[in-house]
Amino acid sequence: MDNQLNRQKRRRRKARQRWIWSCIGLSITIGASIIAFSYLPHSGRILPSTPDHVADVTTAMIEESGSSETR
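Every letter in the sequence shown is one number past the one before it in my numbering, and letter 52, counting from 1, is 52.
If you're looking for bench data, these hints aren't it; they were derived computationally from the structure. A couple of the hints might just be wrong.
To be verified - Have a look at the derived ranges for each label pair, beta carbon to beta carbon:
| # | residue 1 | residue 2 | range |
| --- | --- | --- | --- |
| 1 | Gln-4 | Pro-41 | 55 to 61 Å |
| 2 | Leu-26 | Leu-5 | 27 to 33 Å |
| 3 | Arg-7 | Ser-38 | 29 to 35 Å |
| 4 | Leu-26 | Gln-4 | 53 to 59 Å |
Note that beta-carbon positions come from the ideal geometry of N, C-alpha and C, so glycine has one too.
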């Protein structure tokens, strides 16, 4: 009977350790992904998600494409 209780305790401890190490691994993976994303080259353009600025962005894009054709 005593062996069975010890086995259950060991199983619980191992399961808890697995959860802890899984969380640590996930945190490292997410952190590394965020750092890697910060090193990716960006175009510098951030398109706003609000509809108020859609016309401004469209106008700016048209002006840029028109100015590149005249060069």
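Now the hints, each set against the structure:
1. Gln-4 - Pro-41: 55 to 61 Å: 60 Å, holds
2. Leu-26 - Leu-5: 27 to 33 Å: 32 Å, holds
3. Arg-7 - Ser-38: 29 to 35 Å: Hint violated: Cβ distance 47 Å, outside 29 to 35 Å.
4. Leu-26 - Gln-4: 53 to 59 Å: Given about 33 Å between the Cβ atoms, the range is violated.
Checked against the numbered hints above, the structure violates hints 3, 4; every other hint is satisfied.
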